[in-house]
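Below are the chains, spelled out letter by letter.
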Amino acid sequence: QKEVEQNSGPLSVPEGAIASLNCTYSDRGSQSFFWYRQYSGKSPELIMSIYSNGDKEDGRFTAQLNKASQYVSLLIRDSQPSDSATYLCAVWLIGGYQKVTFGTGTKLQVIP
Amino acid sequence: ETGVTQSPTHLIKTRGQQVTLRCSSQSGHNTVSWYQQALGQGPQFIFQYYREEENGRGNFPPRFSGLQFPNYSSELNVNALELDDSALYLCASSLGTGGSYEQYFGPGTRLTVT
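Order-wise, the sequence lines are chains A and B.
For the first sequence, our numbering gives the first residue as 704, with consecutive numbering after it.
For the second sequence, our numbering gives the first residue as 108, with consecutive numbering after it.
Calculated from the structure, these hints are not laboratory results.
Glycine residues also receive a C-beta, built at the ideal position from the N, C-alpha and C atoms.
Check before you lean on any hint, since a few could be wrong.
To spell it out: a stretch of chain B is covered by chain A in this simulated footprint if at least three of its residues, at any positions, have a beta carbon under 8 Å from a beta carbon of chain A; those stretches are [claimed, not checked]:
no., segment
1, 175–188
2, 205–215
Here are the simulated SDA-like pairs of lysine to any residue, each with C-alpha atoms no more than 20 Å apart in a straight line [said to hold, decoys possible]:
no., chain 1, residue 1, chain 2, residue 2
3, A, Lys810, B, Asn166
4, A, Lys705, B, Leu118
5, A, Lys745, B, Gly147
6, A, Lys745, B, Gln151
7, A, Lys705, B, Asn166
8, A, Lys705, B, Pro115
9, A, Lys810, B, Gly147
10, A, Lys745, B, Ser207
11, A, Lys770, A, Glu706
12, A, Lys745, B, Leu188
13, A, Lys810, A, Ala771
14, A, Lys745, B, Asn166
15, A, Lys705, B, Gln151
16, A, Lys745, B, Leu195
17, A, Lys745, B, Gly205
18, A, Lys810, B, Gln148
19, A, Lys810, B, Ser207
20, A, Lys759, B, Ser207
21, A, Lys770, B, Gly205
22, A, Lys705, A, Ala771
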């Protein structure tokens with residue numbers, strides 16, 4: 704089982720719709736969760752961080768965390784073509800040495 | 108506030124050669140982590156430096172080594188380059204080493220090994 708799993712996509716949504724990106728993780732002791740956006744050929748850009756169960760909203764983005772289900776998601780409201788990118792889920796795993804582990808990313812395509 | 112910078116942007120090396128990549132951390136950040144990102148994959152953790160000491164290492168062989176300097180800038184050195192080392196190398200800086208500290212990435216160095 705991979706430490707951090709994401710559906711590779713592509714996930715296609717029409718402009719203006721809600722895009723829902725999902726991520727599961729294996730280490731039940733994980734406490735810190737991050738979403739990054741990565742445009743093709745560019746480096747990852749931090750969108751959201753979330754540390755406790757529930758929702759965290761920032762503009763059009765909402766991160767949701769459910770530690771019991773080991774599940775974290777990112778909702779993008781009013782999706783725009785400029786949101787088309789790969790979204791990386793990252794988890795800080797407590798076991799062993801400290802490190803942030805990334806999923807392979809979900810490619811999002813927003814269709815005008 | 109100055110963001111994370113990396114040099115060079117692109118690099119082409121021959122198998123067996125050695126390479127040094129450089130990173131300047133964001134102003135005020137004392138921790139630098141290095142990642143390797145192959146095409147279509149997520150970034151893979153190489154190692155982290157905090158106060159000039161290696162603070163954690165991923166599953167990479169010893170030919171991957173690093174340094175951190177008193178001004179918190181860092182270098183990644185790779186010896187005996189292999190074709191599979193071709194990737195985007197990312198540096199990320201943060202205010203500290205714990206999981207509550209957000210990491211911010213530089214633009215990356217694209218390394219091609221032929």
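Going through the hints against the structure:
1. Chain A is given as covering the segment 175–188 of chain B, and this is violated because 0 residues of the stretch bring a CB closer than 8 Å to a CB of that chain, at least three being needed.
2. For the segment 205–215 of chain B, the assignment as covered by chain A holds, since 10 residues bring a beta-carbon within under 8 Å of that chain's beta-carbons and 3 suffice.
3. Between Lys810/A and Asn166/B the alpha-carbon distance is near 26 Å, which puts this suggested pair outside the 20 Å criterion.
4. Distance hint between Lys705/A and Leu118/B is unfulfilled; the C-alpha atoms sit about 31 Å from each other, more than 20 Å.
5. Our distance criterion of 20 Å between C-alpha atoms is met by Lys745/A and Gly147/B, whose separation comes to about 13 Å.
6. Note on Lys745/A and Gln151/B: the hinted pairing holds, with a Cα-Cα distance of about 16 Å set against a maximum of 20 Å.
7. Pair hint Lys705/A plus Asn166/B holds up; C-alpha atoms about 15 Å apart against a cutoff of 20 Å.
8. Between Lys705/A and Pro115/B the CA atoms are separated by roughly 32 Å; this puts the pair beyond 20 Å, and the hint is violated.
9. Of the supplied pair hints, the one linking Lys810/A and Gly147/B holds, its CA atoms being roughly 10 Å apart against a limit of 20 Å.
10. Between Lys745/A and Ser207/B the CA atoms are separated by roughly 25 Å; this puts the pair beyond 20 Å, and the hint is violated.
11. This hinted pair checks out: Lys770/A and Glu706/A have alpha carbons roughly 14 Å apart, not beyond 20 Å.
12. For the proposed pair Lys745/A and Leu188/B, the alpha carbon gap of about 23 Å is over 20 Å, so the pair is violated.
13. For the hint linking Lys810/A to Ala771/A, the alpha-carbon distance of about 26 Å lies beyond 20 Å, and the restraint is violated.
14. Simply put, Lys745/A and Asn166/B have alpha-carbon atoms about 24 Å apart, too far for the 20 Å limit, and the pair is violated.
15. A distance of roughly 13 Å separates the Cα atoms of Lys705/A and Gln151/B; the hinted pair therefore holds under the 20 Å criterion.
16. With a C-alpha separation of about 9 Å, the suggested pairing of Lys745/A with Leu195/B holds against the 20 Å cut-off.
17. Pair hint Lys745/A plus Gly205/B does not hold up; C-alpha atoms about 26 Å apart against a cutoff of 20 Å.
18. Between the alpha carbons of Lys810/A and Gln148/B the distance comes to roughly 11 Å, so the proposed pair stays at or under 20 Å and holds.
19. Simply put, Lys810/A and Ser207/B have alpha-carbon atoms about 26 Å apart, too far for the 20 Å limit, and the pair is violated.
20. Taking the CA atoms of Lys759/A and Ser207/B, the gap is about 15 Å. The hint holds against a cut of 20 Å.
21. Restraint check for Lys770/A and Gly205/B: satisfied, since their Cα atoms lie roughly 19 Å apart, inside the 20 Å limit.
22. Of the supplied pair hints, the one linking Lys705/A and Ala771/A holds, its CA atoms being roughly 18 Å apart against a limit of 20 Å.
Violated hints, in rising order: 1, 3, 4, 8, 10, 12, 13, 14, 17, 19; the structure is consistent with all others.
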